[in-house]
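Colleague: Listed below, chain by chain, are the residues.
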Amino acid sequence: MEENTNKHNSRREFLQKMGLIASGTIMGGAAMYAGFKFEKAKKTESKIKALSAEHQLIEVDGHHPVQDKLTELQMQGREGLKGRRWVMVIDLAKCRNARQCMKACQGAHDLRPEQHHINVLQMQDSENTAPYFMPKPCQHCDNPPCVSVCPVDATFKRDDGIVLIDNERCIGCRFCVAACPYSARIFHWHEPLKNQEYEENKERYSQLIAEGNTQEAEELEKKVTYDVELNVPQRKGTISKCLFSADRLRVGKLPYCVSACPNGVYYFGDENEDAVTNGTTKETVQLSALLRDNAGYRLMEDLGTKPRVYYLPPKNRLFPFPEESLTNTEQHS
Amino acid sequence: MDSTLPVDAQKSALKKIIDDVARNIGINKKFHAWMGFLTLLLFVCLYAYYIQLRDGLGVAGIRDYVSWGMYIANFVFFVASSLIGMLITAVLGLSGVKWITPVARIAEIIAIGFAAVAGLVIVSDMGRPERLVYVFIYGRIQSPILWDVTVVTTYVLISLILLYLPLIPDLKILSRNPMLPKWLQKTYELLSINWKGTNEQYQLLHKAIKIMSVLIVPVALAIHTVTSWLFASTSRVGWDSTIFGPYFVTGAFVAGTAFLIIAMYFFRKNYKLHDYLTDFHFDKLGKLLVLVSLVYLYFNINEFLVPAYKLKAHDAVHLKALFSGHHAPMFWSVQLFGLLIPIVLMLFKKFRKPLPLMLISLFVVIGSWFKRYLIVVPTQEHPFLPIQNVPENFKLYQPTLIETAITVASFVLVLMIITVLSKAFPIITIWETAHEKGIHEPEKLSIDKAE
Numbered sequence: 001m002e003e004n005t006n007k008h009n010s011r012r013e014f015l016q017k018m019g020l021i022a023s024g025t026i027m028g029g030a031a032m033y034a035g036f037k038f039e040k041a042k043k044t045e046s047k048i049k050a051l052s053a054e055h056q057l058i059e060v061d062g063h064h065p066v067q068d069k070l071t072e073l074q075m076q077g078r079e080g081l082k083g084r085r086w087v088m089v090i091d092l093a094k095c096r097n098a099r100q101c102m103k104a105c106q107g108a109h110d111l112r113p114e115q116h117h118i119n120v121l122q123m124q125d126s127e128n129t130a131p132y133f134m135p136k137p138c139q140h141c142d143n144p145p146c147v148s149v150c151p152v153d154a155t156f157k158r159d160d161g162i163v164l165i166d167n168e169r170c171i172g173c174r175f176c177v178a179a180c181p182y183s184a185r186i187f188h189w190h191e192p193l194k195n196q197e198y199e200e201n202k203e204r205y206s207q208l209i210a211e212g213n214t215q216e217a218e219e220l221e222k223k224v225t226y227d228v229e230l231n232v233p234q235r236k237g238t239i240s241k242c243l244f245s246a247d248r249l250r251v252g253k254l255p256y257c258v259s260a261c262p263n264g265v266y267y268f269g270d271e272n273e274d275a276v277t278n279g280t281t282k283e284t285v286q287l288s289a290l291l292r293d294n295a296g297y298r299l300m301e302d303l304g305t306k307p308r309v310y311y312l313p314p315k316n317r318l319f320p321f322p323e324e325s326l327t328n329t330e331q332h333s
Numbered sequence: 001m002d003s004t005l006p007v008d009a010q011k012s013a014l015k016k017i018i019d020d021v022a023r024n025i026g027i028n029k030k031f032h033a034w035m036g037f038l039t040l041l042l043f044v045c046l047y048a049y050y051i052q053l054r055d056g057l058g059v060a061g062i063r064d065y066v067s068w069g070m071y072i073a074n075f076v077f078f079v080a081s082s083l084i085g086m087l088i089t090a091v092l093g094l095s096g097v098k099w100i101t102p103v104a105r106i107a108e109i110i111a112i113g114f115a116a117v118a119g120l121v122i123v124s125d126m127g128r129p130e131r132l133v134y135v136f137i138y139g140r141i142q143s144p145i146l147w148d149v150t151v152v153t154t155y156v157l158i159s160l161i162l163l164y165l166p167l168i169p170d171l172k173i174l175s176r177n178p179m180l181p182k183w184l185q186k187t188y189e190l191l192s193i194n195w196k197g198t199n200e201q202y203q204l205l206h207k208a209i210k211i212m213s214v215l216i217v218p219v220a221l222a223i224h225t226v227t228s229w230l231f232a233s234t235s236r237v238g239w240d241s242t243i244f245g246p247y248f249v250t251g252a253f254v255a256g257t258a259f260l261i262i263a264m265y266f267f268r269k270n271y272k273l274h275d276y277l278t279d280f281h282f283d284k285l286g287k288l289l290v291l292v293s294l295v296y297l298y299f300n301i302n303e304f305l306v307p308a309y310k311l312k313a314h315d316a317v318h319l320k321a322l323f324s325g326h327h328a329p330m331f332w333s334v335q336l337f338g339l340l341i342p343i344v345l346m347l348f349k350k351f352r353k354p355l356p357l358m359l360i361s362l363f364v365v366i367g368s369w370f371k372r373y374l375i376v377v378p379t380q381e382h383p384f385l386p387i388q389n390v391p392e393n394f395k396l397y398q399p400t401l402i403e404t405a406i407t408v409a410s411f412v413l414v415l416m417i418i419t420v421l422s423k424a425f426p427i428i429t430i431w432e433t434a435h436e437k438g439i440h441e442p443e444k445l446s447i448d449k450a451e
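Here the protein sequences come in this chain order: A and B. Numbering follows my numbering, in which position 317 of the first sequence is assigned residue number 317; successive positions increment by one, without gaps. Numbering follows my numbering, in which position 421 of the second sequence is assigned residue number 421; successive positions increment by one, without gaps.
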């Protein structure tokens, strides 16, 4: 009897040990396999050199795993323009609320009148200080809270400093809206403005393809293909925001808002070149000198978001601020 | 003393327990009526969700500035209420509190109902629900949403295990009960995975329950802490707080305990369980509710008094809206009727009797729901930069009928889960109750009886 139990016990012990060894082997093997795959993947990735926000040459992975299964435009949109660090300077002294920037932007991105990638705000910092107009695009932060919280990598920071949004990826959770301290993001609560036109084009496109009419189809292709750098066509249930007109930058043009301004408010350029160009006068000036001489600043520096949009203070304003439009809303003191 | 109980007495005592519990298993007319009502309501509310899917999230009152509204507030409430499972089974269970025996399973069922539906509530808030799978394909670990998905799923799983483990002996006990239909007996037999009730099995069971109870503590703390971080990880006024984690967790215990009391009251009444869910249990839970409410009150004082003392520019705008602005009626109602007055009332023994305690708990639960609304919504009405050049309905959030209906749907689903689970399984644990009454080997006795 006792022998029997002993036997039983030893068999059980043996099985237990075997089980331990087996599971250990499987886990170890899995870990080694994962490590091997990781190393292999690392080798095939190309490293590219980029300038960091701190002006240091760093090596970053040339290939992001999330880039699989993306269209060419999306891929190109995620990479950014090599060697660039885009920056915007807004001279508050010159802004007289012409709103041409807003109009041009909304036209380019198929937005409704209440949807703002850039919004000209009437500001007054305190009771006895002067009111002023402040155009507010996305600040394209170098430490972007929106990118940190995005669960699916739909919004991302490019090497050239631009924060973009991929509306084919966006799940519409709006965590980025909650996280952005600059209220820079909008959401498509309804069908986007030109959705019907887009749907018609899409239908026509597939019709042309079916007919074998490649020439006309090619012409239409641009209108039905999602361009992540323009964020058009816009999508219901997804986020949109200012893109620093990444599509224009790619073809060597200034952003829509910058070019549209009649009052010389905007400067836009490349931080690496230390040069910015005024969108109205087309005059190119040294960025560091412009910021130094005019005491340039960034919005909410204390939040540590490191915006890529600089403001020049509204001193010696070129316009009188209309009395009746003083900011006196309850939302903001 | 109990161990000397004669076998016949044990048998008859066990028979009473089993009869009392088994009577409520299965489908009856009341169940049909109640589930029919819930199903009807659910379909009406699902139609609202259909409209939202068709026309976009714009059918809800949320807009670019207040972009998280009732759905997110409701999500926070659901996660909060689900924490009751952990509070009862783990915190009280592990510290050896005896009176939780008849309450634990109800708490666990509530936890599963709320935690499971919380995930759906989040989906109803998504602009692109069909892309939900992206969270798993493209998930980025630095997003608190990923943490939330991970821990809520884990919590549901552990809660299911914690519901199932103590059920095993009961399923065996009931598997030969002639009061139940044959197919149910067979299902029970199958689910009881060859349970015999030997000492060795009991040791294993106790050990497993203990391990799970320990495991669920950090997971439960994590689900609500992470939920609070959805807000606290931003720099928004009113959310940018370091105490949001414990503030949410303590608030969760308040909401959960109150909901448990309400559920107990209805189970006691409808399932005729007066002998199991006694005045004593309500008294104890009333005291528990006072305790957790006091802790929550303490966190409320910290959360509002400290910034109100300093009145930093943006804080001032936010607090003014809560204290004397257009959120003031809701804010003070919640604090008074949902927290302060219940605390004071429940200090008196007569208010801890079942009916008054249930009514007080009703106020606490409603207060808890609106408290989440007040945490989520007002902050977004006061961003750092002024809200300009947008229509009026962008500035102040006004919930619509459709989003209210979709929110009601989530409650209907929770009630359905609780109802079905409480009808499919014994709502009171038979073996633990039997053991406490000195009935040994209830498995054997119950089978003897059947034969």
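Please note: incorrect hints may appear among the correct ones.
[Stated by the list, open to error] Computed cross-link-like contacts, EDC-like style, restricted to lysine to aspartate or glutamate with a CA-CA straight-line distance of at most 16 Å:
no., chain 1, residue 1, chain 2, residue 2
1, B, 312, B, 392
2, B, 395, A, 114
3, A, 236, B, 55
The hints are simulated quantities; they were obtained by calculation from the structure and are not laboratory data. Because the structure is a prediction, the values reported are computed rather than measured.
Colleague: Next step is simple, just say for each hint if it's right about the structure.
Modeller: Verification of the supplied hints:
1. B:312 - B:392: The hint is violated at about 27 Å.
2. B:395 - A:114: holds (12 Å)
3. A:236 - B:55: It holds: about 9 Å lies between the C-alpha atoms, which stays within 16 Å.
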